[in-house]
Every structure is written in structure tokens, then in C-alpha cells.
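Visitor: Next come the chains, spelled out residue by residue.
There are 2 protein chains.
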Amino acid sequence: MHIQKIELIPIRYKVEPNVGLSSLANVIAKYAKAGDIAVVSSKVVSYCEGGLVKLADIKPSNRALRLSKQYKIPPELAELIVREADDILGGIERFILTLKFGMLCPNAGIDTSNVPEGYAILYPENPQKSADTLRNLVERRIDGRVGVVISDSRILPLRRGVCGIAIATSGFEAIKDERGKPDLFGKPLRNTMRNLADMLASASQLLMGEANEMIPIVIVRGLNVRFTEEKFRLTVDPKKCLYWGSLNGKVCWSDKSKP
Amino acid sequence: MHIQKIELIPIRYKVEPNVGLSSLANVIAKYAKAGDIAVVSSKVVSYCEGGLVKLADIKPSNRALRLSKQYKIPPELAELIVREADDILGGIERFILTLKFGMLCPNAGIDTSNVPEGYAILYPENPQKSADTLRNLVERRIDGRVGVVISDSRILPLRRGVCGIAIATSGFEAIKDERGKPDLFGKPLRNTMRNLADMLASASQLLMGEANEMIPIVIVRGLNVRFTEEKFRLTVDPKKCLYWGSLNGKVCWSDKSKP
Numbered sequence: 001m002h003i004q005k006i007e008l009i010p011i012r013y014k015v016e017p018n019v020g021l022s023s024l025a026n027v028i029a030k031y032a033k034a035g036d037i038a039v040v041s042s043k044v045v046s047y048c049e050g051g052l053v054k055l056a057d058i059k060p061s062n063r064a065l066r067l068s069k070q071y072k073i074p075p076e077l078a079e080l081i082v083r084e085a086d087d088i089l090g091g092i093e094r095f096i097l098t099l100k101f102g103m104l105c106p107n108a109g110i111d112t113s114n115v116p117e118g119y120a121i122l123y124p125e126n127p128q129k130s131a132d133t134l135r136n137l138v139e140r141r142i143d144g145r146v147g148v149v150i151s152d153s154r155i156l157p158l159r160r161g162v163c164g165i166a167i168a169t170s171g172f173e174a175i176k177d178e179r180g181k182p183d184l185f186g187k188p189l190r191n192t193m194r195n196l197a198d199m200l201a202s203a204s205q206l207l208m209g210e211a212n213e214m215i216p217i218v219i220v221r222g223l224n225v226r227f228t229e230e231k232f233r234l235t236v237d238p239k240k241c242l243y244w245g246s247l248n249g250k251v252c253w254s255d256k257s258k259p
Numbered sequence: 001m002h003i004q005k006i007e008l009i010p011i012r013y014k015v016e017p018n019v020g021l022s023s024l025a026n027v028i029a030k031y032a033k034a035g036d037i038a039v040v041s042s043k044v045v046s047y048c049e050g051g052l053v054k055l056a057d058i059k060p061s062n063r064a065l066r067l068s069k070q071y072k073i074p075p076e077l078a079e080l081i082v083r084e085a086d087d088i089l090g091g092i093e094r095f096i097l098t099l100k101f102g103m104l105c106p107n108a109g110i111d112t113s114n115v116p117e118g119y120a121i122l123y124p125e126n127p128q129k130s131a132d133t134l135r136n137l138v139e140r141r142i143d144g145r146v147g148v149v150i151s152d153s154r155i156l157p158l159r160r161g162v163c164g165i166a167i168a169t170s171g172f173e174a175i176k177d178e179r180g181k182p183d184l185f186g187k188p189l190r191n192t193m194r195n196l197a198d199m200l201a202s203a204s205q206l207l208m209g210e211a212n213e214m215i216p217i218v219i220v221r222g223l224n225v226r227f228t229e230e231k232f233r234l235t236v237d238p239k240k241c242l243y244w245g246s247l248n249g250k251v252c253w254s255d256k257s258k259p
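Quick mapping for you: the protein sequence lines, in order, are chains A and B. Going letter by letter, the first sequence gives residues 1 to 259 in the working numbering. Going letter by letter, the second sequence gives residues 1 to 259 in the working numbering.
Warning: the hint list may mix true and false statements.
All copies of an identical chain are treated as equivalent in the list; a pair is satisfied when it fits inside any one copy or across any two copies.
Unchecked claim - Simulated crosslink set (BS3-like; lysine-lysine; CA at most 25 Å straight-line):
(1) K72 / K30
(2) K72 / K5
(3) K181 / K30
(4) K5 / K33
(5) K14 / K231
(6) K30 / K5
(7) K14 / K129
(8) K69 / K239
(9) K33 / K59
(10) K54 / K30
(11) K5 / K240
(12) K240 / K54
(13) K54 / K187
These are calculated hints, taken from the structure and not from any lab test.
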């Protein structure tokens, strides 16, 4: 097996709302080569797709007003969270813990940073579709295969600070199955799956930052992935999860929350 | 702000048990330059330090025998988990969920892959001390500043497959505080901390793999970090955690589990 170095190449891009994914694909295609993975922030994808929402246009429901009071969140934002979340699990001051696309997700992925005052940005409506569309657009432009990761930053349980997480991927083996592979001593592996998508999201997040860096795209070059049309699920059913399985009976899931 | 590309450089190394951190530092120093971050797998650090344990030498206690039966884990491994864990939270078949060094951690970080048959490898006894020692040894050899991350792979709640996590860091600003930094529209940031350590661990895990790749070291070059002697805590108190705070009352922590 040949192991080579990987390059993470940051792309500067100042997005305008509602320009469409084609515009984003043009920027990626200027820098990407066949075999690359383009990691793109979910915020920029959503910006392009028209996911920017004016908070003053949102009319909070009674449920949103209750949540707003309980967790000290503006009522309009609480209403968006109610609409966007697949399930609401609880919260602390300023944050509501939700399930969204089968992921544990603060505020249903809605963010008010790096958007104009008085606005919020939602997650892409269908991240898998966005990832596929973006990849097809880029592949057509560069005439070669690329992978796409739509990424976000995320706090993880008991960890300090955010790291990267993948919302959707397209075009490559995002979950690498190592079943049957021998370890150094020839014993078969037990941790058989590697989540390349989350690792790519975290690697790229080193360059993207959280502030006004204007780096919403990172090209990953040199990673030896398998390109494929296959789709990869990045989440597991709570019942099959070590964490939630271990805490069984202490954490309740509604039917709606099953990914 | 100057943004440059990052390189991830894999280092092949076949570790022998009990050779000491000096031997590991020699390998890193051969490839690292001033300003680099060396990400090193916790398993290799532990190997060097003598963390390999022969399971036949371990006498299981009654508690270990109970856990062994409950979670279908060999009794000797269950005994090591009881000894190594700061707290045992629950489990599923083959895995016990523990707290270790303030982290959520399957089987207290003990692993039986990539170790000889009949052996298990523990986490480094004092990862912070190991990271500091390793860094000092490397810095002396290359006569310049480097950062060190001790990393492991980890399943995350509701995610499929493993990604990287940092156990300890030394020599650089591992948690980047963005408080007061403006976003694109000049508004102050709300997600104010970035866990560079976990992102570096995940980035490096792209090259390290889980099988017989023999890449336990990855050099990260070009990341603009602040080098410092300051120590950084990578974990938060469960009470201040969005996830555990949100699930308050549904998850119980013993006093021993507070990081």
C-alpha cells in the first residue's frame, strides 16, 4: 500500500445569497483536480440555495414561545427550530438539542453567525441532493471524478470547543468498511468502520475557522479514496449506538427521532 | 490574515514495546521541522511506555466477572476496564461505556487490536505528561518549537464509524478562543471555542487507519497555531455540556466521573 501525504487547500469565496449551486461549483472547479475531495460548509451551500431567513417574517407558535422562554432564545428563532427539528430532546440556555437528519444537532442546525443582523440560516433542505448536484456540476466542469462533503462545526458531548462534522457526502466511499482487514498481528479488526466524512470535515475545519476567514471550501488532495456512486449513511439508529444503548432507559426517543 | 495550505505527512514506524519515548522522539525528529504539529497515536505512546498487558496475568474481581457476563467481554479485559475507568456508565455487547480523563470512552481506552494475541494495551498512564515529555525530546533534537497531539479513534454518539479524538496536547494553543472575533458582518461570535486538538486528531486519522497501515505518526505542516507552554483542557464538566445538560435528570453521574 502506497501512503502519500495529503494537502488541504483553502479556497477564499465570499458568497451572495440565492446564487445557486452552479455558482459555487464554478469556484470549486477553478481549483479542484480529478481525484480531489471538496469540503464545503453547509452554510455556504444553504446561502446559495436560498436558505437565508429574515427573522421578522417568522410568526412564533405557542410551542415556540414556551421554548423561547425556557431556553432564552428569540421567539422567531425558536419557531424556526420547531419547524426544522425532527425531534427536540432538551436544551440549555441559548441552545436546544435536536435531532436533524438523524444527527444530534444544536438548534436544528440553524445559525445566526456569519449572516446579516436579523437573519438566520437554515441547513440545506436536502443535503444529500445538494451534495450530489454540486458534485455533478463540478465533475462536468473538470471532466473527472471528485468527492463532495457538506460540513458543519459541532460541539461533541463532554468536549470543549467545536470540531467538524459531515452533513452529507457524494461520490466517494465516505464510510470505509475495514471488515476482514488484518491488524498488525493478523487478527481481524473489531472497529470495522471509519467515518472518513467526519474526519474530512474536521480536517477542513482547521482552515475554515468560525469567524470572518471567508474560507468556506477546502480541497483535500492526495487522500486515497474509492470513488463510487453508492450512497453512505453517516448516522446510526440510536438503539445500535454504544452511547445511547449504554444509557438505555435513561434517554427517551420519540418515534419521530429515528434516523 | 494569511491562509496557506496544510500538509499531512504520514510517518511509517513499527513500534517495539518498552523502548521509551526517546525512541519515538527520534523518529518524529527525523521528519518534523520547527512549527509542525506531530500527531501520535495513543497506542504507540503507550507501547513505548510499557502499557502492554498480558491478559492471562490479570485476576478478575467479582465486579469484573459480573460485567464480563453482562456485556460479553472476556473477564480479564473486564477487570482491566474496572481498574482503568474513572466511572462506568453502562454498556452494550462487547463494549462498556466509561469515563476516562473526563472523556466518554469505550472500554476505558483499552484495546486489543494491533497488539499480540492474548494482550491488551492501556491508555498512557498520564497522557499530559507523555505529551510534554515527547514534545521536549523532539524540540531538543530539532532545536525549534513543535506541538504534540496524542490521538485515538473514537465512535461518536449516533455517528457511524470512528473518527479521531485527542487525548492530550502539548506546546500549542489546542483550544482556540475566538471570543470577540467578528463574523463576516461584524457581529461577535457565539460559538467561541474551536477544538484544534480533535480536528488535528481526525485529520491525521485519515492517514493512520485502523488496520496494519503502520502509520502511527502524522506530521501536520502549515497550520498557523500559537505555540505556548500553557495547558489546555479538552473536556467540559458534564453540567456545562449541551448534550448532558439537555438530558439533565435522565443521565446520572457519580461523583468520581467529574473531569
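Visitor: My question is about K5 and K240: at a cut-off of 25 Å on alpha-carbon distance, are they close within one copy, between copies, both, or neither?
Guide: Close neither inside one copy (35 Å) nor across copies (38 Å); limit 25 Å.
Visitor: Up to 25 Å between alpha-carbons, please classify K33 paired with K59: within, between, both or neither.
Guide: For K33 and K59, neither the intra-copy (46 Å) nor the inter-copy (57 Å) Cα distance is at most 25 Å.
Visitor: Treating 25 Å as the Cα threshold, decide for K54 and K30: within, between, both or neither.
Guide: Neither: 32 Å inside a chain and 55 Å across chains, both beyond 25 Å.
Visitor: How would you label the pair K181, K30 (within, between, both, or neither) given a Cα cut-off of 25 Å?
Guide: Classified as neither: same-chain Cα gap 38 Å, cross-chain 30 Å, threshold 25 Å.
Visitor: Go through the copies and call it for K69 and K239: within, between, both or neither, with a Cα cutoff of 25 Å.
Guide: The answer is between: 20 Å across copies meets 25 Å, while 32 Å in one copy does not.
Visitor: Tell me, please, which holds for K72 and K30 at an alpha-carbon limit of 25 Å: within, between, both or neither?
Guide: neither (44 Å within a copy, 53 Å between copies)
Visitor: With identical chains, the pair K30 and K5 could be close in the same copy or across copies; at 25 Å between alpha carbons, which is it: within, between, both, or neither?
Guide: both (22 Å within a copy, 16 Å between copies)
Visitor: Between the shortest in-copy and the shortest cross-copy C-alpha distance, which are at most 25 Å for K14 and K231: within, between, both, or neither?
Guide: neither (30 Å within a copy, 35 Å between copies)
Visitor: Could you place K5 and K33 in one of the four classes (within, between, both, neither) given a Cα distance threshold of 25 Å?
Guide: So K5 and K33 pass the 25 Å test inside a copy (16 Å) and across (16 Å) alike.
Visitor: Treating 25 Å as the Cα threshold, decide for K240 and K54: within, between, both or neither.
Guide: Intra 39 Å, inter 31 Å, cutoff 25 Å: neither.
Visitor: Cα distance capped at 25 Å. Does K72 pair with K5 within a copy, between copies, both, or neither?
Guide: Result: close neither inside a copy nor across copies, 47 Å intra and 40 Å inter.
Visitor: I want to check one pair: K54 and K187. Are their C-alpha atoms no more than 25 Å apart within a copy, between two copies, both, or neither?
Guide: Close across copies (16 Å), not inside one copy (56 Å); limit 25 Å.
Checked against the numbered hints above, the structure violates hints 1, 2, 3, 5, 9, 10, 11, 12; every other hint is satisfied.
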